[in-house]
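*Asks:* In the order they appear, the protein sequences are chains L and G. Counting with numbering that gives the first Met the number 0, you get residues 0 to 467 for the letters of the first sequence. Counting with numbering that gives the first Met the number 0, you get residues 0 to 194 for the letters of the second sequence.
Hints may be right or wrong, so weigh each one.
Claimed, not checked - Going by beta-carbon spacing under 7 Å, a handful of chain G positions derived as facing chain L:
1. Ile32
2. Phe181
3. Arg184
What the hints contain is simulated information worked out from the structure, not anything from laboratory work. None of the values given here were measured: they were computed from a predicted structure. We put the beta carbon where it would ideally sit given N, CA and C, even for glycine.
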Amino acid sequence: MAKTLFDRIWESHVVHETPGEPALLYVDLHLIHEVTSPQAFDGLRLAGRTVRRPDLSIATMDHNVPTLPGPITDPLARAQLDALRANCEEFGIPLYATGSGREGIVHVIGPELGLSQPGLTIVCGDSHTSTHGAFGALAFGIGTTEVEHVLATQCLPRLHPRTMRILYTGTLPLGVTPKDVILGTIGRIGVGGAVGHVLEYAGAPIRALSMEGRLTICNMSIEAGARAGMIAPDDTTFAYLEGKPAAPKGADWEHALDRWSELRTDDDATFDTELEIDVAELEPQVTWGTNPGMVVPIGGKVPDPASIADPDERAATERALAYMALEPGTPLQEIRIDRVFIGSCTNARIEDLREAALVVDGHRVDAKVKAMVVPGSAAVKRQAEEEGLDRVFERAGFEWRNAGCSMCLGMNPDILAPGERCASTSNRNFEGRQGSGGRTHLVSPAMAAAAALAGHFVDVRDSVAARA
Amino acid sequence: MKAFRSLTARAVVLDRPDVDTDQIIPKQFLKRIERTGYGEFLFFDWRQYPDFELDRPGSAGAKILVTGPNFGCGSSREHAAWALQDYGFDVVIAPSFGDIFFSNSVQVGLVPLTLPPDDVKALMAAIGEGAEVSVDLEAKTITDPTGRVIAFDIDPFVRTCLLNGLDTIGRTLQHDSDIAAFEERSPSPVATTAL
Numbered sequence: 000m001a002k003t004l005f006d007r008i009w010e011s012h013v014v015h016e017t018p019g020e021p022a023l024l025y026v027d028l029h030l031i032h033e034v035t036s037p038q039a040f041d042g043l044r045l046a047g048r049t050v051r052r053p054d055l056s057i058a059t060m061d062h063n064v065p066t067l068p069g070p071i072t073d074p075l076a077r078a079q080l081d082a083l084r085a086n087c088e089e090f091g092i093p094l095y096a097t098g099s100g101r102e103g104i105v106h107v108i109g110p111e112l113g114l115s116q117p118g119l120t121i122v123c124g125d126s127h128t129s130t131h132g133a134f135g136a137l138a139f140g141i142g143t144t145e146v147e148h149v150l151a152t153q154c155l156p157r158l159h160p161r162t163m164r165i166l167y168t169g170t171l172p173l174g175v176t177p178k179d180v181i182l183g184t185i186g187r188i189g190v191g192g193a194v195g196h197v198l199e200y201a202g203a204p205i206r207a208l209s210m211e212g213r214l215t216i217c218n219m220s221i222e223a224g225a226r227a228g229m230i231a232p233d234d235t236t237f238a239y240l241e242g243k244p245a246a247p248k249g250a251d252w253e254h255a256l257d258r259w260s261e262l263r264t265d266d267d268a269t270f271d272t273e274l275e276i277d278v279a280e281l282e283p284q285v286t287w288g289t290n291p292g293m294v295v296p297i298g299g300k301v302p303d304p305a306s307i308a309d310p311d312e313r314a315a316t317e318r319a320l321a322y323m324a325l326e327p328g329t330p331l332q333e334i335r336i337d338r339v340f341i342g343s344c345t346n347a348r349i350e351d352l353r354e355a356a357l358v359v360d361g362h363r364v365d366a367k368v369k370a371m372v373v374p375g376s377a378a379v380k381r382q383a384e385e386e387g388l389d390r391v392f393e394r395a396g397f398e399w400r401n402a403g404c405s406m407c408l409g410m411n412p413d414i415l416a417p418g419e420r421c422a423s424t425s426n427r428n429f430e431g432r433q434g435s436g437g438r439t440h441l442v443s444p445a446m447a448a449a450a451a452l453a454g455h456f457v458d459v460r461d462s463v464a465a466r467a
Numbered sequence: 000m001k002a003f004r005s006l007t008a009r010a011v012v013l014d015r016p017d018v019d020t021d022q023i024i025p026k027q028f029l030k031r032i033e034r035t036g037y038g039e040f041l042f043f044d045w046r047q048y049p050d051f052e053l054d055r056p057g058s059a060g061a062k063i064l065v066t067g068p069n070f071g072c073g074s075s076r077e078h079a080a081w082a083l084q085d086y087g088f089d090v091v092i093a094p095s096f097g098d099i100f101f102s103n104s105v106q107v108g109l110v111p112l113t114l115p116p117d118d119v120k121a122l123m124a125a126i127g128e129g130a131e132v133s134v135d136l137e138a139k140t141i142t143d144p145t146g147r148v149i150a151f152d153i154d155p156f157v158r159t160c161l162l163n164g165l166d167t168i169g170r171t172l173q174h175d176s177d178i179a180a181f182e183e184r185s186p187s188p189v190a191t192t193a194l
C-alpha cells in the first residue's frame, strides 16, 4: 500500500498496539527546558520512578534567561533554572546551561548540534517542537504530564492523527521569504485549519528552500493548529547535517543516507486533506490582529469588520482591532511601530540574521524605534559575530543581545510596555504575548529590519529591488 | 488523576473562537515549579476588563465552561488545564480544541467535550447566564437547562481514561518488555551523552 512520509515514521516507531487504543510510540529524542519540566521531575520522584534514557534526553535554558550579561535577578526564574540544573544532575541528563557555549533556544540547538535527524520521533514540552519536522522527523509538542511519561518510559501513547498535505507550486518572488509562505498559508487556512492533522509541506518551492527556511515553515505548523509539520529529507537536508557534532560519521553516515533516502511520500499515497498554494502570488505578510491567521500582504489594509458576514468572525475582528488600537481600512504601511524584535525559534538562525543585516547595513534605526536582535543560540551569536553582523546591527542602532527566547514570550525582562507596538519575527501575536497590553505584528526578518529603519511597515521588496 | 462520571453544575459561556493558552494563563505565571495555585490567575488579563464572562454574578461557582472553536490553541503549557481545574472547572465544551490542550486536559482529568458548532451555539443560548447543565460521561449525554438531551461522541479510549482516572504512565510501564525489545531492534541513533 502506498505510504506517506508520516506513515513510514509512525509505523517504524510503534512499540505496542491494541485495537481501539492509542499506539504506544517510541521517542528517539526528548528535548527539555526549564519551564515545562520541573513538575514532571517532581512527579517521577513522587512515584519513585527514574529517567529511562537520559542518553536520549537533552536540556537547555532558554525561556527565562536574561539576554543581557549578569546574574538573574528574578527569583522565580532563578528557582526554575536551579531546579532544571538539579534535576538534570540527579537523573544524568546532559544540560547546556547558560554560559556553556552550546545553550540556546531548544529548537535552534537541536538542529545545529545535528541531533534533529530524518526519521526520528522528537518531543519537547513546547508547542514549537514542530520545527524539527523540517528534517523529515515526526516532532511534536507535549504537556508536562507527557514530559513525565517520556522521562519514565521513553514512549507516549498516541491516537492516530489525520494527515494533510500542502503542495506549493510556482517560484517564490524576490523579497518574499519562508516566513511569508507560512504566514500566507495560515492566513488562508486559519489558526484552526490543520487541527488534528500532521502536515506535510511539499512541492518544488519547498525543495528549493534551505534547511533554515524549512525550519521556519515547520516551526509555525502549530499556529495552523497542526499536531506536527514535516518536509521529506533530500540532499539539502543531508548537506546540512554532514559534519554536525551528533550526525553519524564514517560508515554510519553512509548507512544513514540509505535509510534517510527512503523517507518520502509515495506518488500514489493519499492524505485526509490536500491543498495547493501558488507561492508566486505571495507578498510579504504582516499580521494586523491577535492571532497569526489575522494577516494581510504589505500592500493591504486593516480589514473592516462591517464587511464580514459571519457574526463570530466579525466579533473576533472587532475585539482584535480594539486590542491592537487599529482603525479599519488603514493601509499597513501607515502603521507606526515603537519596537522591533528580531529573534525566536522561528527566525533567529544565521540566515535570518543575514537577511535582516542585508536590509539594515549602512542605515539607521528610526529615532523613535527601539530595536533588538536576539540570536537563537550561543553558536548563532558566535557565527554572526565572526561575519561582523553584530557590528552592522549595532552601527544601525540595534541592541545585540545574548541567546534566548526573549521577547517572543516575554518570560525574561525583555517585554513590551502596555500599548507599545512591535514588529516581531516571532510566531505569536496573541494578546499580551510580548508583554501585557503590548501589540505584536508578525513579519519576516527582512520586513522587521525595514520597519525598524522606516519607523513604520514598508514593503521590503522596494529596498531589495533597489539593491538588485 | 481525577476520575469523572457525571456532573450537574452551573455553566458559563465564553463565546469566543480560538482562545489561546496565553489568555488562559499568561506567561508571568509559568515560573512556579508546582502544579497547584494557578486558579486565581486564570484569564488574568481578560479579568481586568469589566463584565468579563467569568466575573458575572451568574458565573460564580461554575464548573462547566462552554466556549468557541479551537479552544486552547497555541502554547503547550499544561498550566492552562491546571488553572481551569484549579479555578473549579471540571468540563469544557467546545466545537474543537487545540490538540495539545486536549491531550493535557485528558491527562489531568479535565473533561474536554466536542459538539458540532450548531449544538454548541444552541447550548450557549439555552444557558444564558447562570443556568445548570448536566454532563454524563457514561451515557455520553449533555442535558441543557431546558431539559434537551444532546448526545456527544468521544474517543472510546479517552472516555475510559477519564471515567477511571487512569495512570497512563503506569499503563505504559506494564509494556516494559515490549519497550526493551523495541530498543534492541531499533535503537535510536542519537546519543546526547556522547556529545
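*Asks:* All the hints need checking, so say for each whether the structure fits it.
*Replies:* So, going through the hints one by one against the coordinates:
A hinted interface residue such as Ile32 of chain G counts as satisfied when its beta carbon comes closer than 7 Å to some beta carbon of chain L; here the least separation is about 4 Å, so the hint holds. The beta carbon of Phe181 of chain G is positioned within 7 Å of a beta carbon in chain L (closest approach about 5 Å), and the interface hint is therefore held. At a threshold of 7 Å, the smallest CB-CB gap from Arg184 of chain G to chain L is about 10 Å, leaving the interface hint violated.
Violated hint for the displayed structure: number 3, the only one.
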